[in-house]
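Quick note, the sequences are listed as chains A and B, same order. Each residue of the first sequence is one higher than the one before, counting from 1 in this note's numbering. Each residue of the second sequence is one higher than the one before, counting from 1 in this note's numbering.
By construction, these hints were calculated from the structure, which means they are not laboratory data. Just so it is clear, the structure is predicted and the values come from calculations on it, not from any experiment. Take the hints with a grain of salt, since some may be wrong.
The list makes no distinction among identical chains, and a pair is therefore deemed to hold if it is satisfied within one copy or across any two copies.
[What the hints assert, rightly or not] Cross-link-like lysine-lysine pairs, in silico, DSS-like; alpha carbons within 27 Å at most:
1) Lys71 - Lys11
2) Lys126 - Lys11
3) Lys11 - Lys77
Number of protein chains: 2
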Amino acid sequence: MSTTTDQASSKLQHIRLQDMPVEHLNPLIDRQFVAGERSMLARIILRKGSIVPQHSHDNEQITYVLDGALKFIIDGKELVVRSGEVLVIPSNLPHSAEALEDTVDLDIFCPPREDWIRGTDAYLRK
Amino acid sequence: MSTTTDQASSKLQHIRLQDMPVEHLNPLIDRQFVAGERSMLARIILRKGSIVPQHSHDNEQITYVLDGALKFIIDGKELVVRSGEVLVIPSNLPHSAEALEDTVDLDIFCPPREDWIRGTDAYLRK
């Protein structure tokens with residue numbers, strides 16, 4: 001095996017998403033994630049009524065609602081994303097979200113959210 | 001709203017993943033995907049016994065098995081990824097996969113798989 005393959009192999013991760021550390025960001029929002037070098041997959045539990053205040057980031061975001069419903073406000077427009085639906089949020093587009101129901105959502109970021117890894121995501125921890 | 005926000009807003013996508021075009025790659029594998037500029041989310045149905053031959057790509061891959069089980073061979077080692085489990089496959093690491101059961105899997109790529117978008121992914125279409 002080449003050195004390049006050895007290096008790549010050392011970065012392989014095999015995990016059970018629900019076994020990753022659970023961050024209780026606030027009483028209504030829990031989060032787990034796994035990060036590669038280029039992208040990140042997060043599983044987020046948002047209880048009904050929870051709110052993610054408006055924010056923006058360079059990272060492209062793909063939100064996939066597995067269960068429940070999230071009401072986003074983007075460009076001053078309401079957009080309800082329901083179970084089975086996907087929202088691709090381009091870089092730097094401000095957005096907020098409210099859980100209309102108890103919701104399980106996957107969030108994908110490219111590149112990974114360094115603020116989440118560092119824990120400097122104060123806007124979520126209120 | 002600034003021009004930058006206007007440009008970002010035009011790239012916003014809201015879709016239902018199961019309503020995206022279904023590609024029947026071969027009799028045992030169906031695929032749907034949505035691509036942003038930096039990343040891609042695919043939903044792949046692999047029937048029991050289907051095989052993805054060994055291949056590699058620069059794109060980082062995160063595989064999340066929603067249902068079923070995939071047996072990967074990476075570095076000559078077997079790795080079974082079951083429902084709820086995630087595999088982060090670094091850039092350029094050769095891998096193959098076999099569905100041990102009927103499987104629904106999410107694949108995330110960063111950057112998007114240009115060969116999938118162009119339809120030049122012949123290794124999958126056998």
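How the hints compare with the structure:
{"no.": "1", "hint": "Lys71 - Lys11", "in the structure": "between (36 Å within a copy, 19 Å between copies)"}
{"no.": "2", "hint": "Lys126 - Lys11", "in the structure": "neither (34 Å within a copy, 30 Å between copies)"}
{"no.": "3", "hint": "Lys11 - Lys77", "in the structure": "between (40 Å within a copy, 15 Å between copies)"}
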